[in-house]
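Novice: Next come the chains, spelled out residue by residue.
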Amino acid sequence: MKNKQVLNFVFALFLAIGFLAPWEPHTVLAAISCWGEGRTSPTVLPSCTGKFAPAMGCTATNASDPNYWTSGGTKLERRQSNNCNARWTRATNVSGFTRYTAASSNYGCASYNCGNQSIQSGGAIANNLQVYTPMKGLTGTPILSCGSTSTSSMSLPIYSGPPSYLGCKAW
Amino acid sequence: MKTYQSFKFATILIITAVVALATGGILKFGISKITGTMPNKEQAVHAQQVDNQHKPTPTASIIQATQYLPASQEQKTNGIKFTVSNFFVENNHVFTDVCYDLPGKSVWDINAATLQYGQLSTGDFAVSETSITMETDIEKGYRCLRLDFYNISPNADLSSLTLTVGNIGQISPMEGFECQEYTARIHSNLKAVAAGIKVACEQSPSGVNVQLIEKSSALSENEANIIISEAMFNQVNGPWVFTVTQNK
Chain V
1 MKNKQVLNFV FALFLAIGFL APWEPHTVLA AISCWGEGRT SPTVLPSCTG
51 KFAPAMGCTA TNASDPNYWT SGGTKLERRQ SNNCNARWTR ATNVSGFTRY
101 TAASSNYGCA SYNCGNQSIQ SGGAIANNLQ VYTPMKGLTG TPILSCGSTS
151 TSSMSLPIYS GPPSYLGCKA W
Chain H
1 MKTYQSFKFA TILIITAVVA LATGGILKFG ISKITGTMPN KEQAVHAQQV
51 DNQHKPTPTA SIIQATQYLP ASQEQKTNGI KFTVSNFFVE NNHVFTDVCY
101 DLPGKSVWDI NAATLQYGQL STGDFAVSET SITMETDIEK GYRCLRLDFY
151 NISPNADLSS LTLTVGNIGQ ISPMEGFECQ EYTARIHSNL KAVAAGIKVA
201 CEQSPSGVNV QLIEKSSALS ENEANIIISE AMFNQVNGPW VFTVTQNK
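Residue numbers (the numbering used here), protein chains in the order written: chain V, 1 to 171; chain H, 1 to 248.
Bound conformation, chain V alone (with noise of 0.2 Å):
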């Protein structure tokens, strides 16, 4: 009986211990669809380049770089995910009218010009709103940022290339 009483007391202090004190309340939240350039472990995914952040689940983290710049009426900003080990380029509209907005994430070869993930608008898009690449998977290889925002449609890649990169930035 007593033997009872003590192993009843000794499992409710298991509870207490074990499932209580190293406990920190975590959200269980969506998983993502894409990582870097590909991975096979621990789960094999496929890679994130060529692909839009928010629909395999990758979000700009807190280690998006805060910095931005403007060109010619172009906000432009670098953005990472850290959960998809991926990068992206974002383009708003500053220039303070409708404009057609573009965007550039080149990379690859000395001037970065082997290879690239572009977007437009669609049509001219009001001041202030944006447009983003998609992503190219982080693989070591600096992606060079481009944007621009015109009245009419611009043929991609949005490229400022050597010996400036005026208006770019490499990352």
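One thing to keep in mind: the hints can contain errors.
So, partial list: chain V residues that the calculated Cβ filter (under 8 Å) puts toward chain H [what the hints assert, rightly or not]:
hint, residue
1, 39
2, 40
3, 60
4, 67
5, 70
6, 71
7, 100
8, 119
9, 121
10, 124
11, 128
12, 130
13, 171
Output of the computed footprint for chain H on chain V, the stretches with three or more beta carbons under 8 Å from beta carbons of chain H [stated by the list, open to error]:
hint, segment
14, 48-56
15, 89-99
Footprint (simulated), chain V over chain H, 3 or more residues, beta carbon under 8 Å [what the hints assert, rightly or not]:
hint, segment
16, 153-163
17, 184-194
18, 226-240
Think of the hints as simulated: they come from the structure by calculation, not from any bench. Glycine included, C-beta positions come from ideal geometry on N, C-alpha and C.
Here the structure of chain V is known, so what remains is to put chain H in place on it, guided by the hints.
Specialist: Only chain H this time, still in chain V's reference frame:
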């Protein structure tokens, strides 16, 4: 016999506590791994906000001898005070430090600014945040940036510079949350509510489309769209104008 039973009981208690703590620790580690770094809804919408605790005091930085005078200036327009200081030229770039009030509990960026030098001007600038203090119930928010006007013509006359900050605007919502955030901003805007404005927001893979679906008949479509735009971006217009001359 009684002593032996007490000793046995104490031993069981200690072993149980150790095993339980280890189990809890393993569980905690496992859950941290599963949840990873995904932010919750609140964090997601305000993902660009930075941690105040790890930011320096919000004062404009002075990094070298004053190249331009006055060294510091203040101006208040539409309720927002700007402080500008420390203009300097380096490698064909013009830098300056600006600090300004944040109009609410979010982050506002400088979206339009021009630098006039001689007969030329540029609106191309890069921004580095030097400090931010978010608004609290007792204190206004405050943000400091270093502006880098990187597109200055070589050999230009830089004896006098005029900085004009055109406006500040609330930061864009995080990707994928645009409709949620813009709709909330519009529906909480007093002017938009009073004008009976209702919008439809369509989220596309690379952006959003916000369209007016209902408004008061006293309002033209153009007037309604202006109210929508103001509510979405909470833009505060200047100008805030500062002129400095080279310190010879």
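Novice: Checking hints one by one. Is residue 40 (chain V) an interface residue toward chain H, by the C-beta closer than 8 Å rule?
Specialist: Not OK, violated: residue 40 (chain V) not within 8 Å of chain H, min 18 Å.
Novice: Are there three or more residues in the segment 184-194 of chain H whose C-beta lies within less than 8 Å of some C-beta in chain V?
Specialist: violated (count 0)
Novice: Answer holds if the nearest beta-carbon of chain H is closer than 8 Å to that of residue 67 (chain V); otherwise answer violated.
Specialist: 5 Å, holds
Novice: Close enough to count: is the Cβ of residue 70 (chain V) nearer than 8 Å to one in chain H?
Specialist: Residue 70 (chain V) check passes; min Cβ-Cβ to chain H is 6 Å, inside 8 Å.
Novice: Would the stated hint for residue 121 (chain V) survive a check requiring a Cβ distance to chain H of less than 8 Å?
Specialist: 7 Å, holds
Novice: Is the hint on residue 124 (chain V) kept, meaning its closest Cβ partner in chain H is under 8 Å away?
Specialist: 12 Å, violated
Novice: Against chain H, run the beta carbon of residue 60 (chain V) and see if the smallest gap drops under 8 Å.
Specialist: 5 Å, holds
Novice: Residue 119 (chain V) was flagged as interface toward chain H. Is the shortest Cβ-Cβ separation under 8 Å?
Specialist: 5 Å, holds
Novice: Are at least 3 residues of the segment 48-56 of chain V within less than 8 Å of chain H when you compare beta carbons?
Specialist: holds (count 4)
Novice: Holds or violated: the segment 89-99 of chain V covered by chain H, criterion of 3 or more residues with Cβ-Cβ distance under 8 Å?
Specialist: holds (count 4)
Novice: Do the numbers back the hint for residue 128 (chain V), that is, is its least Cβ distance to chain H under 8 Å?
Specialist: With a minimum Cβ separation of about 4 Å from chain H (threshold 8 Å), the hint on residue 128 (chain V) holds.
Novice: Are residue 171 (chain V) and chain H close enough, Cβ to Cβ, to be under 8 Å, as the hint says?
Specialist: 12 Å, violated
Consistency note: the structure conflicts with the earlier hints numbered 1, 2, 7, 10, 13, 16, 17.
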